[in-house]
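A.B. asks: For the protein sequence lines, the chains are A and B, in the order given.
Take 0 as the starting number for the first sequence in numbering that gives the first Met the number 0 and just add one per residue.
Take 0 as the starting number for the second sequence in numbering that gives the first Met the number 0 and just add one per residue.
Treat the hints as calculated values from the structure; they're not laboratory data.
Since the model is a prediction, treat every value here as computed from it, not as a measurement.
Built from N, CA and C at the ideal position, the CB exists for glycine as well.
It is possible that part of the hints are untrue.
Stated by the list, open to error - Residues on chain B that point at chain A, a partial pick, calculated with CB under 7 Å:
hint, residue
1, M36
2, L85
3, F89
4, Q92
5, V104
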Amino acid sequence: MSERKKIDRRDFMRFTGAAAFTGATWMAVGEKAEAKYWQLDPAKCTQCGQCTTHCVLNPSAVKCLNQFDICGYCDLCFGYLQPGSRDLDSGAENQLCPTAAIERKYIEAPYYEYKIHEDKCIGCAKCVKACLIFGNGSFYLQIRQDICINCNECSIAKSCPSDCFSEVPQSQPYMFLTGDTYLAHPPALS
Amino acid sequence: MRTPVAPIAAAAAFLVSTAHAIELKFAPPDFETEYAMPYLFIPPPDGRNTWWEALILFGALSLTTWLVFKARSRRGLFGVSVFSLLFFGFYRQGCICPVGSTQNVAAAIFLPDVAVSWIIVAFFVLPLLFSLFFGRVFCASVCPLGAMQELVAIAPIRISPALERVLGLGKYIYLGLAILGVATGAGFLICRYDPFVRLYRLNDNFGMLIAAALILLIGVFIARPYCRFLCPYGVLLGWMSRFSKFHLQIPPSPCVECRLCEDSCPYNAIDMPTPRHLVEDPAQGKKRIRGLVFLAPVFILLGALGGYMMYEPLSRMHPTVSLSERIALEDRGIITERGNLQADTFRVEGKTAAQLHAESLAIKEQFKTGGALLGAFLALIISIKLIELSVIKKRTIFEPHKETCFSCGRCYPYCPVEEGA
Ligand code: SF4
Ligand code: SF4
Ligand code: SF4
Ligand code: SF4
Ligand code: SF4
């Protein structure tokens, strides 16, 4: 009888302990916020090139995107063309991007559209830097959330000298140059 | 949570406000032809760290518990290990694992503006709860770090228990440092120096890959070196496991003392029956315990003092402190060559050196308190271990040590006692 009682009491303590432990952890940390993702702030980026090599993924989860509505559609696009290239065309020798990830498409005189093939982009920021200096700064880097494994401590975050990386709420997983004036929507299917 | 579950084919973004935050050198053109500006493609997150992953963790823990207690199948455990390695390791790329979640939880406790999602809390709590009831079944075959080591431990040798104890202090130091790092904002040490994630992700960080290969190579002969000497989460699991209601037993029914299992455990986790002379003459041990208990407070104070004095080197784990030191050296002309990216970026950013040094000083202050607490914690642990060494528990059979046994089941096949014999 006394033996049984003892075991019961132990069990009771164990369950209380477990409940208290879970409860305490929960109170201390739980349910305070929605999950977060890493994202880089293009306004702080200094195009140092660390994103290429410091992401735990190879190639990097950081890709360049072109924000079309602030792109100048320049004929002479410094983000696209190698400085001092003889012709303004899409010859391989004229391209700045080391992986030829940017596609130049004629729209109407004198405008060209620059589309980035993200599967080829390695996030080296060469185009970003040039576009920012000479152009509108419509090219910039973002962590692609479908590729990023959201590592606990983003390994670029700790090597980025410009303090670009921070955790953003899941509902706003991208940071655009024009700030929160952007809304993300699935396109109307046509 | 508003995670878009179904993958959305494409997402577009368009400007709502006309107020541009940035200055445009060239106005975007008004096209004359029928040209539609393309949508900005922003792929939604792929749904990592979601509830179903916590569910898989729960399932794996339950299955392992069954394998340890009912099926008593070393083979089954091996199978789950392979699964864990593939799923938690290679598929989820080891992120976020329960071992690392310790830091997320610590961050949410210590830092006012940090929160964690309930899935990460579940990752942290589930293995600990299982440990409280069933011993370290998480370590047995669910932990992807442990699984990798378990699979390479082919020719394990036994090391002396004394060496085991000394090296085993490593995990307490690591846990202390990791929490100190989180609390002071220096970063997540456990993730940074996790040797296994390099292998899961097979990336090209060569130095770390070599370190990982080395640990695994050692692991062929000294089984589970990370688990035994470094794993910070293992400390918590061990504490929980001490109080476990059920724990793996080597013989399924009463032990016949054949001593066959004696050598089977490569982790020094099997306790021998207490030698008779110790049981019969406890006086000496008691005296030693009294002395140790008496000395412990002094020892803890010394530990705190030692930790306090270590604050300078400890604080270098914080990037702001190391940057401030570098800048100070550059300013005094001691370092002349450029090329430190952090320092160079600081130069162009326009923050003053004085600001940086002030920040660094404030951080060092935190490390004084933190260092003292760390020192006291380690001294406390060492005192407890010493006292434990002198406590004589009367054991008549061979049994796994509740705290250190990984429930790996290696000892099962050695035991000749049959179920229900
Ligand atoms: S590491 Fe930071 S500064 Fe460097 S390219 Fe990436 S985001 Fe820009
Ligand atoms: S230049 Fe670099 S960042 Fe730009 S598209 Fe090419 S690879 Fe990507
Ligand atoms: S969180 Fe990890 S995967 Fe994502 S960008 Fe950072 S380093 Fe790369
Ligand atoms: S001791 Fe740590 S690393 Fe080893 S199996 Fe357990 S939790 Fe994983
Ligand atoms: S299950 Fe057996 S072999 Fe494995 S750690 Fe425990 S006592 Fe050692």
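A.B. asks: State for each hint whether it applies.
C.D. replies: Hints, one by one, checked against the model:
1. Evaluation of the B:M36 hint against chain A yields a held restraint, the C-beta minimum of about 5 Å falling below 7 Å.
2. The beta carbon of B:L85 comes no nearer than 15 Å to any beta carbon in chain A, farther than 7 Å, and the hint placing it at the interface is violated.
3. Residue-level restraint check for B:F89 is violated (minimum Cβ-Cβ distance to chain A is 11 Å; threshold 7 Å).
4. A cut of 7 Å between beta carbons decides the hint on B:Q92: the least distance to chain A is about 5 Å, and the hint holds.
5. Taken as an interface hint, B:V104 checks out: its beta carbon lies about 5 Å from the nearest beta carbon of chain A, inside 7 Å.
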